[in-house]
Structures are given as C-alpha cells and as structure tokens.
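Participant: Chain residues, written in single-letter form:
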Amino acid sequence: MPSKSTTNHLIALLYNELEPTAKSDLLEELSLNNDLQQQFNDYAETISFLDESELDANPTSIQLIMEYSAKLKELEHA
Amino acid sequence: MKNVQQISDQELVHLYIQGNEACLEQLLKRHQRSIFSAIYLLVKNRALAEDIFQETFIKIIHTLRLGNYNEEGKFGPWAVRIGRNLTIDYIRKQKRNLTITDSDGNDILSYIQIAEESREDKLIQYQTEQNIKELVKRLPDEQREVLIMRHWGDMSFKEIAEKTGVSINTALGRMRYALSNLRKMMDQQAVKM
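Line by line, the protein sequences give chains V and B. Residues 523 to 600 (this note's numbering) are what the first sequence spells out, left to right. Residues 3 to 195 (this note's numbering) are what the second sequence spells out, left to right.
Wrong hints could be hidden among the right ones.
[Said to hold, decoys possible] Listing some non-contacts, in silico: residues in chain V with all C-beta distances to chain B over 10 angstroms:
hint : residue
1    : His531
2    : Ile533
3    : Ala534
4    : Ala544
5    : Ser546
6    : Asp547
7    : Leu548
8    : Leu552
9    : Leu554
10   : Gln559
11   : Asp564
12   : Glu567
13   : Ser591
14   : Lys595
15   : Glu598
[Stated by the list, open to error] List of simulated lysine-lysine pairs, DSBU-like, C-alpha gap at most 35 angstroms:
hint : chain 1 : residue 1 : chain 2 : residue 2
16   : V       : Lys593    : B       : Lys186
17   : V       : Lys545    : B       : Lys31
18   : B       : Lys61     : V       : Lys545
19   : B       : Lys165    : V       : Lys545
20   : B       : Lys61     : V       : Lys595
21   : V       : Lys595    : B       : Lys135
22   : B       : Lys31     : V       : Lys593
23   : B       : Lys139    : V       : Lys545
24   : B       : Lys76     : V       : Lys593
25   : B       : Lys139    : V       : Lys595
26   : B       : Lys165    : B       : Lys139
27   : B       : Lys139    : V       : Lys593
28   : V       : Lys545    : B       : Lys135
Please keep in mind that the hints were generated in silico from the structure rather than gathered at the bench. Because the structure is a prediction, the values reported are computed rather than measured. Beta carbons: idealized from backbone N, C-alpha and C, even for Gly.
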C-alpha cells in the first residue's frame, strides 16, 4: 500500500508541480509498483473527467470583448 | 515576427499594450475556458456567467492599457482571479446578509457556489457536466474548495495552502481525498467516462 506522502506526490505530479528530483524518484517507483500505478491511473482518469466538464464562453462574448477593445483603441487614437 | 500561437503570455500582453489586437484574441483563446469555467462554477447560470466573463475582460483590458498589470508571466491565474473576485462581488451583492464560514472562520463564498441553477441552465448543460458538478457539490467543503481552486482556479497547491492557511501537504491530501471520493461517487453512479 503506497504511503500518504507518496500518493500526495502523485497529485503533485499530475498537476505538474513536483520538483525534478522527487519527480524522477516517483516515476521510478511508479514503474515498479503496480498499486501505485493503479492509483495514478485512477486519479488521472478522474482529472480527465473533470477536464471534460469545463465550459467554453460563448463566441459572442469573445466577439464583444474584441469589439470593445478595438473601439477603445479607436477612441484613444481619436 | 513569431506566430501569435508561439508567443508567451507575457509577450502577448506587452504586444497588446502596444496596440496589437490579435494578441488579445490569442490570450482570450488560451484562457477563456478556465476563466469562464471558474465563473460558471460559482454562479451556475450561463447567461450570468457570460456577463461576468465579459466584465472580467473589460477590467483586464483597462488594467493592461493603463499599465497597471505587473504579474509578468502569470496572466492565466491573474485573469481567473479577476473573474472569481467579480463573481464573488456579484454573489455578495445578491446575498448581502448571508455569511457562511468554514471551520477556520473563512468565508466560503470565496470558493463554493451558492447560486441556484436556473431552469434554462439545466436544459443547456450537457449531462456529463451536470453529473460532475453535482458530484463536486457533494464533496466536503475542505475538499471541494481545494478542487475548485486547483482545477478551475488555476492556483498552485502552494497558493492554495497559503490562501487556506494549511500546509502544502494538507492541500495535496485534501485534493487526493476529493479525487478519490469523486471516483467512488462516479463508480457508484456509473457515470460514463
């Protein structure tokens, strides 16, 4: 069973916040430990599901923002 | 000149201030999803989220043009923070008399959604989005706040630890429990992945 600190490191790894030495150690441990690998896959899958739930702003909002910025630029140069 | 897609956020900001409108468009493309998601997650109303999203970029545009932007290289988290703060301001105005605090006395309006879903929203959301957000709402406050701040708020675990007054290890642990609990709930509900 992986320790709590190791599984915390998995989270840091998944969010790319693990410092290089710890990352290298963890990647090596991952290649040897099936339980840890399974946990890593579970977390990664859950995060990927969270990613899918993200929403995009409506293109009209983007267009209005661009128009606002262009108008502001015009006024500044008027 | 490099293609705008290859330019760093910092350079895009600099070029936009100099008058290159395409750079603002690129910044929007890169960060609209995380900013909009952070706002939507708080208000749970698409029309309102669109309004606050536009307001957020109007504030960003003015800040950049006035030369008041000084968070070089961290445009994304800074922009998400502006959106989040404007959303919290809105919620506070709507619920001026309501104060909810967590066990440490922090105002949880800062990181959880309290607005009610409109009927229209229920219709326009995809089923998967509904499922995941419903599940997130069921997490304990401490886990939910870390999840929202890290995943949709673009905050690092160090920043979350500072914001919530815990160690980085505790913040990581809360995220770990949040993901594990989400996973269990998804398995129980057979959420399609």
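Participant: Hint by hint, note whether the structure agrees.
Facilitator: Hint check:
1. His531: At about 8 angstroms from chain B, His531 (chain V) fails to clear the 10 angstroms cut-off, so the statement is violated.
2. Ile533: Its Cβ does come within 10 angstroms of chain B, the nearest being 5 angstroms, so this is violated.
3. Ala534: 6 angstroms, violated
4. Ala544: 12 angstroms, holds
5. Ser546: 18 angstroms, holds
6. Asp547: 16 angstroms, holds
7. Leu548: Holds: least Cβ distance 13 angstroms, greater than 10 angstroms.
8. Leu552: The assertion about Leu552 (chain V) holds, with a minimum of 16 angstroms to chain B.
9. Leu554: 21 angstroms, holds
10. Gln559: Fine: 15 angstroms to the nearest Cβ keeps Gln559 (chain V) off the interface.
11. Asp564: 6 angstroms, violated
12. Glu567: 6 angstroms, violated
13. Ser591: 5 angstroms, violated
14. Lys595: Violated, because the least Cβ-Cβ distance between Lys595 (chain V) and chain B comes to about 7 angstroms, which does not exceed 10 angstroms.
15. Glu598: 8 angstroms, violated
16. V:Lys593 to B:Lys186: 50 angstroms, violated
17. V:Lys545 to B:Lys31: Cα-Cα ~31 angstroms, so holds.
18. B:Lys61 to V:Lys545: 38 angstroms, violated
19. B:Lys165 to V:Lys545: Holds, at about 25 angstroms.
20. B:Lys61 to V:Lys595: Judged against 35 angstroms, a Cα distance of about 15 angstroms means the pair holds.
21. V:Lys595 to B:Lys135: 39 angstroms, violated
22. B:Lys31 to V:Lys593: 20 angstroms, holds
23. B:Lys139 to V:Lys545: 32 angstroms, holds
24. B:Lys76 to V:Lys593: 26 angstroms, holds
25. B:Lys139 to V:Lys595: Measuring from Cα to Cα gives roughly 42 angstroms; hence the hint is violated.
26. B:Lys165 to B:Lys139: Holds, at roughly 21 angstroms.
27. B:Lys139 to V:Lys593: Violated, because 41 angstroms separates the two Cα atoms, which is more than 35 angstroms.
28. V:Lys545 to B:Lys135: Answer holds: Lys545 (chain V) to Lys135 (chain B) is near 31 angstroms, not above 35 angstroms.
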